[in-house]
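Protein chains in written order, with our numbering: chain A, 1 to 146; chain B, 1001 to 1146.
These are computed hints drawn from the structure, not numbers from a lab. Each hint should be verified, as a subset may be incorrect.
[As the list claims (entries may be wrong)] Covered by chain B, according to a simulated footprint, are these stretches of chain A (three or more residues, beta-carbon under 8 Å):
#: 1; stretch: 14-25
#: 2; stretch: 132-138
[As the list claims (entries may be wrong)] Some but not every residue of chain A turned toward chain B, in silico, with C-beta under 10 Å:
#: 3; residue: Thr2
#: 4; residue: Lys7
#: 5; residue: Ala8
#: 6; residue: Pro32
#: 7; residue: Glu46
#: 8; residue: Ala51
#: 9; residue: Leu52
#: 10; residue: Gly53
#: 11; residue: Ile71
#: 12; residue: Leu74
#: 13; residue: Ile100
#: 14; residue: Cys126
#: 15; residue: Asp141
Beta carbons are placed, not taken as given, at the ideal position from N, Cα and C, and that holds for glycine.
What follows is each chain in one-letter form.
Number of protein chains: 2
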Amino acid sequence: MTIEVSKATSHLLDGVKVESSVREFKMILDEPEKTGGTNSAMHPVEALLCALGSCQSIITRGIAEKMGVEIEDLKIELEGKLDTRGFEGDTSIRPGLADIKSKFIIKSNESQEKINEMMEKVKEFCPVGDTVSNGTNLEVDYSIKK
Amino acid sequence: MTIEVSKATSHLLDGVKVESSVREFKMILDEPEKTGGTNSAMHPVEALLCALGSCQSIITRGIAEKMGVEIEDLKIELEGKLDTRGFEGDTSIRPGLADIKSKFIIKSNESQEKINEMMEKVKEFCPVGDTVSNGTNLEVDYSIKK
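Based on the provided sequences and hints, a complete structural model is requested.
Here it is in structure tokens:
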């Protein structure tokens, strides 16, 4: 099977704290106090950046290994910009991220040429990167329990 | 200021384990053994689903409060489908998620009409939902340290 199905369940707790479960793992997210939370954890947009940076890191590891490129260390600095008027109800502004910057700091003795070649593949084949930059079909439905 | 800048740093550890830092918070992600990890944490696509489900939960809380809709409980079941041939190098298949389904289970005594109205707003104004469904500009650059 080449189709991989990933599943998660999110459960809204007190206030805006949310516990998500995936297999045997949990992720708690929350909002800072200024947006109504208790600042007990990072917020969802920050978690999205972590998912992206992690996916970019993992795909880099895989591609580097296939290409025989030695990476001594890799850090990725991510930044996402969002105009809060969008999700607060101003329909002329999108509610989501206006843009994301992802800056790789690669410690390696390989040639610039080799790293360029690797990075072209990283940009092309990152699953979360592709999802976030090209978008995907998102189907939302709901049921009501009394 | 209405522009909110979110930042994260991802650091590739041993194998495909990645530690991401956001403010005072950390997120560790990893891959299952079959994809080269040690299964110490969920993987990035699962984390993306958690970010989405959490964002949908939080925006529901906010919109419900504004509308005076009482929600007793909210769970969201998310499912994302990915064809692994895409990130493994088959360029005829996208590397990212082919689609995401998000199913809200809402415990509430409100009318169906009121819940429908609320859900229209939830679908329209969720920041991570909008980012994932409509995509965003993703800029990747890199520097090499010897």
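Status of each hint after checking the structure:
no.: 1; hint: 14-25; in the structure: holds (count 7)
no.: 2; hint: 132-138; in the structure: holds (count 7)
no.: 3; hint: Thr2; in the structure: 5 Å, holds
no.: 4; hint: Lys7; in the structure: 5 Å, holds
no.: 5; hint: Ala8; in the structure: 4 Å, holds
no.: 6; hint: Pro32; in the structure: 9 Å, holds
no.: 7; hint: Glu46; in the structure: 4 Å, holds
no.: 8; hint: Ala51; in the structure: 4 Å, holds
no.: 9; hint: Leu52; in the structure: 7 Å, holds
no.: 10; hint: Gly53; in the structure: 3 Å, holds
no.: 11; hint: Ile71; in the structure: 8 Å, holds
no.: 12; hint: Leu74; in the structure: 4 Å, holds
no.: 13; hint: Ile100; in the structure: 5 Å, holds
no.: 14; hint: Cys126; in the structure: 7 Å, holds
no.: 15; hint: Asp141; in the structure: 6 Å, holds
In summary, the structure agrees with every hint in the numbered list given earlier.
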